[in-house]
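Using the sequences and the hints given, assemble the complete structure.
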Amino acid sequence: MKASVNKPLLYLSCIGLAALAYGVVDVIIHRAGGTNLGSYVPWGMGVVMYLLFVGFSAGGLLVSALTELFGYRQLKPLGGLATYAALVAEVCAGIAIASDLGRYERMFNFVLSPSLTSPMFWMFVFFGGVLVVSLLKALAFARGDEGQAVLWSWVTIPVGLCFYFTNGFFFSVLTGHGLWSGPVVPLLFVAAALVCGVALVCSLAWWSRTDWDAAVLLSGVVLRLLVVFAILEGVWLWINWQGGRVETTAALANLAAGPGAWAFWGLHVVAGVVLPLILLPQCRNNPALAAWACLFILAGFAGARWAFVVPAQSVAMLPGLETAWQHPRLLLTYLPSLAEWCMAAGVSGLALFGFVMGPRLFPGLYGTTPQPSQAR
Amino acid sequence: MSGSLPTEDPLVRMYRELKRASAKDKAQVKWAMVIDQAKCIGCHACAVACASENRLGPGVVYRPVIEQETGTYPNVGRRFLPRPCMQCENPPCVAVCPVTATYKNAQGVTVMDYTRCIGCRYCIAACPYGARCADFGGFYTSRTAESPGQVQGRYAARAYEKQNAPEYGRNWGERGKGSPIGNARKCHFCLHRLAVGQLPSCVTSCVGRATIFGDRNDPASLVSELIGSPRATTLKPELGTRPAVFYLA
Ligand code: SF4
Ligand code: SF4
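If you're matching them up, the sequences are chains L and W in order.
Note that the UniProt record's numbering gives residue 272 to position 272 of the first sequence, counting from 1, and the numbers run on in steps of one.
Note that the UniProt record's numbering gives residue 152 to position 152 of the second sequence, counting from 1, and the numbers run on in steps of one.
It is worth saying that the hints were derived from the structure and are not from the lab.
Among the hints, erroneous ones may be present.
Quick list of in silico lysine to aspartate or glutamate cross-link-like pairs, DMTMM-like style, CA-CA up to 25 angstroms [as the list claims (entries may be wrong)]:
hint, chain 1, residue 1, chain 2, residue 2
1, W, K236, L, E247
2, W, K162, L, E105
3, W, K26, W, E146
4, W, K177, L, E105
5, W, K26, W, E174
6, W, K162, L, D26
7, W, K177, L, D26
8, W, K162, W, E146
9, W, K26, W, E89
Take a look at the structure:
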């Protein structure tokens, strides 16, 4: 029996793919010139989407860790699905960040002239590592090769942890930006990635009817991880506030009350943290509710990533710098261009397409027998 | 004439010292700059000279002049802070570059290899002085009107704008799609001028002679003399970047 495809979602994903085509053409023609980025806000939507999808890819790591390291055998049926989700998310993250480069055609320089002191180089290495390991793991699951699947699940754990750590490390070394620097940031990134990744697997497991009991079990894990993440984020904000550096508190004020404050409060705090914290404890017999709570987390993390990346750049490195030489590329404010929105919608559409078509295209990865469609 | 007045234009002395430095082994020279804020009149001549010398495109600036207000009313003051690249001895921008496209040369200048740079802008985020710019392409004349047959017309001006940067002693071709568009860019103490015995453009254009340049390893140089002044400071010393640009506050 072939898995059915949700038509409205498929059409929605096709709109996303059309937006992606526009974004890609714009990148080919204008490179980063089609963005609204500048020299004082050099990172925006591309980095936000990259970080978001990188987080989504962490489900593969956590499901492997829970199954192999902590003995949660009930999660075994989700191994293939989690790996597939990680692969789709990594591809989307890769497209988002590659399109953000001013000279994407020179990416081979990561290999030809690497710098071992650069966190970005290590991020690249571990990005590749996670991609390769996920690919091998997916092949093993698709072929039903249990031994290989277990082997690659074990390998996923250290490689994945290093990858999510380096994403935070990438920011934490930027001492000029008080909000980004510091030792809490890498831990915050690991926690954020685990929450996002496992929330994605949970919602996909419900939606594709792979294993509802496992989905409910995962929702408990999501709840615990979300609490850990919320505590770490609180610590991060508190330390920055207490540190009292003028630029850092100005960036914090921008995060909390600036033009993008809705992303932090509305999307991240309310939809992405508070609502799931209320819903998740009530999901014991309700995989649908668990999945919806997880979807809120996923949407909320888009806000969290925006709030992390953009407000930190809203403060001049030296007071008065932003008015010393005037040009739209030398502003401290940032609103994505049409091309950037298209790219964001595009990679989201690509991910949606992958998830909608996944059960049909890769039934071996999505679990053995889809469960009946009656509501639970 | 009062004996306390300078008898020689500092530019003449700097040129003499430049000749001396050029005769030395390259590895023995350490370029440094001293900016006397008491002499800077905020004319922005250095910023414009730099943009013209290095053919900086729209939104790219190597040496903006920041206006600073000091004190509290009624005891207020105004001063200027020209901000080139600090050519840090311990530069955060170099450490983060994933493809070694930026590095320190033998004379202590932080330089770019445009052919390696992937345009990730990590170095821009890492520089605590905001001293790097991304070149997103484009022309100043993109939105100007065309007046056929006149020098002020867009196409006439575009011909000037299309001349590419003379940086790092290389011909980068006509400005269009190739490097340095898409790259990070920064002040490099006009290495291409130093190579032919000329001082950096900001130094020669400084109306107030507020910008002094020379070999820090030469104890007899004007920069060495001024770096020893009790007025000499650096920006954000707490970060440990050890700038080669000093300010006389
Ligand atoms: S001022 Fe900035 S760009 Fe210049 S060397 Fe220091 S860190 Fe690098
Ligand atoms: S923009 Fe270029 S020089 Fe700067 S970190 Fe990236 S690759 Fe290196």
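Checked hints:
1. As the CA atoms of K236 (chain W) and E247 (chain L) are separated by approximately 13 angstroms, the hinted pair is consistent with the 25 angstroms bound.
2. Proximity of K162 (chain W) to E105 (chain L) is assessed by CA-CA distance (about 23 angstroms); at most 25 angstroms being required, the pair is judged to hold.
3. Under the criterion of a C-alpha separation no larger than 25 angstroms, the hint pairing K26 (chain W) with E146 (chain W) is inconsistent with the structure, at around 48 angstroms.
4. Between K177 (chain W) and E105 (chain L) the CA atoms are separated by roughly 13 angstroms; this keeps the pair inside 25 angstroms, and the hint holds.
5. Proposed proximity of K26 (chain W) and E174 (chain W) is contradicted: the alpha carbons are some 31 angstroms apart, above 25 angstroms.
6. The hinted pair formed by K162 (chain W) and D26 (chain L) meets the criterion: a straight-line CA distance of about 22 angstroms does not exceed 25 angstroms.
7. With a C-alpha separation of about 14 angstroms, the suggested pairing of K177 (chain W) with D26 (chain L) holds against the 25 angstroms cut-off.
8. At roughly 16 angstroms between alpha-carbon atoms, K162 (chain W) and E146 (chain W) fall within 25 angstroms of each other, so this suggested pair holds.
9. Distance hint between K26 (chain W) and E89 (chain W) is fulfilled; the C-alpha atoms sit about 17 angstroms from each other, no more than 25 angstroms.
Comparing the model with each earlier hint shows violations of hints 3 and 5; every other hint is respected.
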